[in-house]
Amino acid sequence: MSHTAQWNVRLHLFEDDDGTTKAHVVLDTGTTTLTGHGDAHCNPADTNVPEIGDELAAGRAMQDLAHQLLNTAERDIQGMAASQSRHIAGRTV
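For any residue, its number in my numbering is found by taking its place in the sequence shown, counting from 1, and adding 13.
Certain hints may be false.
Pairwise CB distance ranges (calculated) [said to hold, decoys possible]:
| # | residue 1 | residue 2 | range |
| --- | --- | --- | --- |
| 1 | G32 | S98 | 50 to 60 Å |
| 2 | F27 | T60 | 29 to 39 Å |
| 3 | R23 | A94 | 30 to 40 Å |
| 4 | S98 | N56 | 49 to 59 Å |
| 5 | Q97 | D41 | 23 to 33 Å |
| 6 | L24 | V62 | 35 to 45 Å |
| 7 | A95 | W20 | 22 to 32 Å |
| 8 | G72 | A18 | 22 to 32 Å |
| 9 | Q97 | G43 | 18 to 28 Å |
| 10 | D59 | L83 | 42 to 52 Å |
| 11 | T45 | T17 | 35 to 45 Å |
| 12 | S96 | I65 | 40 to 50 Å |
| 13 | G92 | G32 | 17 to 27 Å |
Derived from the structure by calculation, the hints contain no laboratory data. No experiment lies behind these values; they were computed from the predicted model shown. Even for Gly, the Cβ is constructed at its ideal location relative to N, Cα and C.
Taking the hints into account, I'd like the entire structure generated from these sequences.
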């Protein structure tokens with residue numbers, strides 16, 4: 014069984030007034046949209062390197078999105094198992 018799909022991902026990075034880098038990663042599957050969120054804060058004692066904040070915030074947003082996808086898949090698997098258990102020998106119970 015062959016299956017091909019294309020999902021679009023958009024990553025938005027921005028810094029708020031207190032210097033926190035924020036990331037929102039939006040996954041659009043064509044039938045649903047999920048959004049992951051991530052933050053990065055610069056330690057006041059450290060040199061401010063915006064690229065590092067971007068990397069941390071983006072990585073955390075993608076990690077959040079990955080957890081959401083895994084949780085969704087787990088619920089779908091459980092739903093399939095429950096549906097299959099109601100069908101015994103081709104009969105709906």
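Against the structure, the hints come out as follows:
| no. | hint | result |
| --- | --- | --- |
| 1 | G32 <-> S98: 50 to 60 Å | holds (53 Å) |
| 2 | F27 <-> T60: 29 to 39 Å | violated (21 Å) |
| 3 | R23 <-> A94: 30 to 40 Å | holds (33 Å) |
| 4 | S98 <-> N56: 49 to 59 Å | holds (52 Å) |
| 5 | Q97 <-> D41: 23 to 33 Å | holds (30 Å) |
| 6 | L24 <-> V62: 35 to 45 Å | violated (19 Å) |
| 7 | A95 <-> W20: 22 to 32 Å | holds (26 Å) |
| 8 | G72 <-> A18: 22 to 32 Å | holds (24 Å) |
| 9 | Q97 <-> G43: 18 to 28 Å | holds (26 Å) |
| 10 | D59 <-> L83: 42 to 52 Å | violated (32 Å) |
| 11 | T45 <-> T17: 35 to 45 Å | violated (18 Å) |
| 12 | S96 <-> I65: 40 to 50 Å | holds (47 Å) |
| 13 | G92 <-> G32: 17 to 27 Å | violated (43 Å) |
Hint compliance for this structure: hints 2, 6, 10, 11 and 13 are not met, and every other hint is.
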